[in-house]
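Asks: So you can see what is in the structure, the chains are spelled out below.
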Amino acid sequence: MSKPTDLTIAEARHLLARRQLSARDLATAHLEAIERLGSLNAFITVTADRALADSARADDRIARGEARPLEGIPIAVKDLFCTEGIRTTAASRILDDFTPPYESTVTRKLWEAGAVCLGKTNLDEFAMGSSNTTSAFGHVVNPWRRRGDNRDLVPGGSSGGSAAAVAARLCLGATATDTGGSIRQPAAFTGTVGIKPTYGRCSRWGIVAFASSLDQAGPIARTVRDAAILLREMAGFDPEDATSADVPVPDFEAAVGRGVKGLRIGVPREYRLPGMSAEIVALWEQGAAWLREAGAELREISLPHTKYALPAYYIVAPAEASSNLARYDGVRFGLRIDPGGDLDDLYAATRAAGFGAEVRRRVLIGTYVLSAGYYDAYYLKAQKVRALIARDFDRAWQEVDLILTPATPSSAFAIGEKQDDPVTMYLNDIFTVTANLAGLPAISVPAGLDGGGLPLALQLIGRPFDEETVFAAAAVVERAAAFDALPAIRA
Amino acid sequence: MGYVVEGQTGPWEIVCGLEVHAQVISRSKLFSRAGTAFGAAPNTQVSFVDAAFPGMLPVPNRECIAQAIRTGLGLKAKINLWSRFDRKNYFYADLPAGYQISQYQHPIVGRGEIVITLSNGTTRRIGITRLHLEQDAGKSLHDQHATKSYIDLNRAGVALMEIVSDPDIRSPEEAGAYLSKLRQILRYLGTCDGNMEEGSLRVDVNVSVRRPGEGYRTRCEVKNVNSIRFVMQAVEAEARRQVEVWESGGEVAQETRLFDAARGATRPMRSKEHAHDYRYFPDPDLPPLELDPDWVEELRRALPELPDAKAERFQRDYGLSAYDASILVAERSTAEYFEAVASGRDAKLAANWVMGDLFAALNRSGRTIETSPVSAEALGRLIDLIADETISGRIAKQVFEEMVETGGDPATIVDARGLRQVKDAGAIEAAVAEVLAANADKVAEYRAGKEKLFGFFVGQVMKAMGGKGNPALVNEVLKRALG
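Going line by line, the protein sequences match chains W and X.
Here the working numbering is used: the first residue of the first sequence is 1, the next is one more, and so on.
Here the working numbering is used: the first residue of the second sequence is 1, the next is one more, and so on.
You may find that some hints are simply not true.
Capping the alpha-carbon separation at 30 Å, the derived lysine-lysine pairs in BS3-like fashion look like this [unchecked claim]:
(1) 468(X) to 452(X)
(2) 76(X) to 88(X)
(3) 148(X) to 88(X)
(4) 381(W) to 88(X)
(5) 450(X) to 463(X)
(6) 76(X) to 181(X)
(7) 78(X) to 384(W)
(8) 442(X) to 423(X)
(9) 384(W) to 88(X)
One-sided excerpt, in silico: chain X residues whose CB lies under 10 Å from chain W [unchecked claim]:
(10) 49
(11) 53
(12) 89
(13) 93
(14) 98
(15) 99
(16) 151
(17) 277
(18) 283
Since the hints were derived computationally from the structure, they do not count as laboratory data.
Cβ coordinates follow ideal geometry from the N, Cα and C atoms, glycine included.
Make the full structure from the sequences, and use the hints.
Replies: This is the structure:
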């Protein structure tokens with residue numbers, strides 16, 4: 001039997017059900033790994049006692065024959081999900097020691113399915129970043145190393161802690177959120193699988209908001225099947241979230257083996273960027289070939305407004321963020337810095353001390369684009385672009401069932417690289433933001449290594465609420481790629 | 001030519017529009033499950049949504065939306081089947097999220113109107129520009145501590161309807177009439193209790209002045225005027241102030257002002273109090289509000305009869321004057337009381353009793369129609385006793401006073417006090433004979449042609465009979481005896 005930390009969720013589920021492995025041992029193995037690899041800084045809070053208690057209960061239920069779908073599966077939670085009685089930070093100083101008196105819908109559903117809580121993972125502050133270097137709790141280290149280079153690499157962001165923890169075998173799976181690529185880009189950088197489901201598939205209730213019209217929760221796991229298992233338990237209509245969709249949740253796992261025979265898969269020509277690395281181009285062509293060999297019909301399509309997506313995203317997301325983050329004012333919870341002046345002084349001192357540079361930048365941008373006299377030129381125009389991007393996809397769905405693109409324009413970069421210019425950093429999201437703007441499901445699946453031995457990934461984008469086809473095709477890529485490389489640092 | 005403000009240089013016309021914030025009657029808040037009762041202990045009706053805790057989301061309250069639609073229908077307004085919630089962003093300690101959810105560009109209710117009646121009997125149509133739903137803010141209490149402000153979030157998130165009139169109002173009287181009529185309609189609909197002291201109805205007054213026939217001049221907004229009387233005073237005071245500014249060669253600046261009731265004048269708000277760029281944008285937590293036309297129709301069919309229609313019906317069916325009808329429909333509860341009394345009885349008599357003795361008794365005791373010691377059924381039975389001649393109108397007033405005192409049943413009081421009318425001819429004849437014998441001089445004068453004395457004899461006979469003589473019989477017997 002492989003080490004407990006090397007198991008997939010599907011394998012662990014099998015062994016737990018047959019009582020060849022106890023949930024308690026599985027949890028303990030992961031807690032030890034988390035402690036040993038603390039230098040990755042993947043966790044902000046480790047909930048060892050909770051994990052032990054959860055796993056003991058899981059063993060009891062399994063013994064009584066009352067196992068639920070995720071009974072005894074140890075997972076980590078991005079520290080953007082509010083967890084009752086467990087400090088929730090959003091990786092920001094401004095929340096201080098805020099301990100929610102409520103549980104987010106997504107995590108509540110996971111606990112109700114029997115999952116074991118290992119702790120809360122690190123992230124970019126308020127999920128704003130693509131490198132996990134904006135966290136108030138320090139940057140997360142990617143467990144992968146570039147061949148012949150000992151520098152620490154970024155795990156991607158914003159769900160860098162979740163991705164690093166899954167890759168380094170510190171948990172079997174993790175929750176994450178994706179506003180512009182925050183699940184898919186770190187998954188791509190760490191050789192893991194991450195899916196952002198359709199907007200409205202998972203409830204946003206209890207998740208610290210970044211940009212409400214774009215935020216969506218999803219899982220990061222080590223296989224497509226594991227991602228499907230987790231998403232099934234995370235998804236579902238929630239009357240407490242007015243944007244949550246009242247649609248049935250299919251058995252995503254069952255779709256994993258479905259294959260792609262007869263599917264029409266589009267390759268959008270606008271995603272072929274000038275100056276794109278040959279490795280990425282080759283990987284993309286390889287992916288297309290794999291899918292063709294598996295019986296899909298590949299065709300070139302056009303998504304003409306793609307080039308406007310990134311600028312539109314960097315208007316809409318900061319605009320919503322500037323308003324969503326207004327509640328962090330030092331009055332009711334979290335950090336309060338009182339310089340002894342009037343109310344405005346309290347706000348200014350608290351927010352200046354509580355927010356990091358990237359959050360401040362985005363709040364300023366967002367405030368600016370919504371200001372009188374600028375609204376039409378920025379926010380309104382960005383919304384129009386967003387509608388055009390959604391229309392591009394609507395038209396594409398008349399021709400194809402799925403769209404194949406690279407997940408990121410490069411592999412993981414070193415910490416400190418790309419740090420001098422925020423716009424270069426924003427370019428990381430270039431392939432991923434369109435799915436957020438159009439609300440579509442999209443998965444990142446590892447497909448190969450670059451010249452430096454670092455993971456590269458492909459992205460598959462599907463029709464609204466058709467995660468099943470996305471999982472089916474991702475499983476085909478996964479099988480064809482036979483991606484079995486391992487990170488340098490792992491349990 | 002209507003109402004004018006006479007300046008040094010000639011007449012000026014008032015142009016006024018009102019923005020009314022009406023608190024919606026609903027059990028829970030606009031976007032949360034917290035309660036809305038007035039007067040609860042501070043911060044006891046606050047959910048995590050109202051306090052804007054991380055990750056909390058608003059969910060629209062269907063009853064609040066129904067109330068806005070009912071109000072729109074009552075104002076004969078267009079119901080917008082597609083509307084949207086926007087965020088109005090500003091920082092304040094009693095605004096937990098740092099934004100108020102409101103409807104900026106696409107309100108739930110569009111154009112409507114209110115017809116007002118003025119004291120000279122004429123009516124005027126005042127346009128309604130729009131009605132939208134929004135959240136109330138919490139309350140800042142600055143007088144509880146020397147250096148700290150206290151915050152009460154009970155009101156935070158309670159649903160308000162902002163009802164904006166067109167600038168159609170031309171006098172203080174019209175402003176008062178508009179507000180009274182709007183309040184009356186809201187109370188009829190049961191969508192707002194209209195209680196201005198408790199802040200359920202708050203008014204911002206927009207005023208400008210102009211020379212007759214001119215276009216609009218710069219307006220000022222007088223914020224938060226909290227009674228109908230003060231609204232009328234504020235319109236007058238602000239118009240006079242502006243006339244003075246224009247006439248002294250100055251220019252009225254567009255600004256927000258406050259009404260100082262003690263001084264009867266307006267003053268500018270500190271500029272900091274309104275220097276906001278609200279950065280409105282569609283609330284991404286809330287999909288557009290799309291109404292099912294069948295639901296709107298259902299709400300329309302269930303609307304109560306409104307005051308204008310009721311007043312018309314009272315004139316038509318009960319033969320009341322326009323004035324009496326308007327008094328009786330002023331409050332829905334009064335109208336219902338009246339109809340219960342009038343049904344199957346002499347409606348004019350019923351109206352006189354309600355508007356006369358009942359109103360006087362309520363006034364004296366500081367009660368309302370809802371807490372009246374005399375129920376509509378009891379008053380009806382009293383009127384029945386007059387109609388079937390068990391008692392006279394005069395005795396009825398005496399019985400009524402006892403009903404007010406004791407809440408007793410009229411027939412029981414009549415029997416207990418022996419107030420039943422005397423119709424026995426012998427008893428009446430005896431009383432008449434006695435009175436005529438005692439007033440031989442007056443009888444002589446009467447017979448000599450001073451017929452006005454007849455009333456005197458009636459009075460004397462009634463007095464002798466303790467007021468219980470049947471008036472028709474007394475008249476008949478007297479006439480015969482005086483021959």
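Asks: Which hint numbers does the structure go against, in order from smallest to largest?
Replies: none
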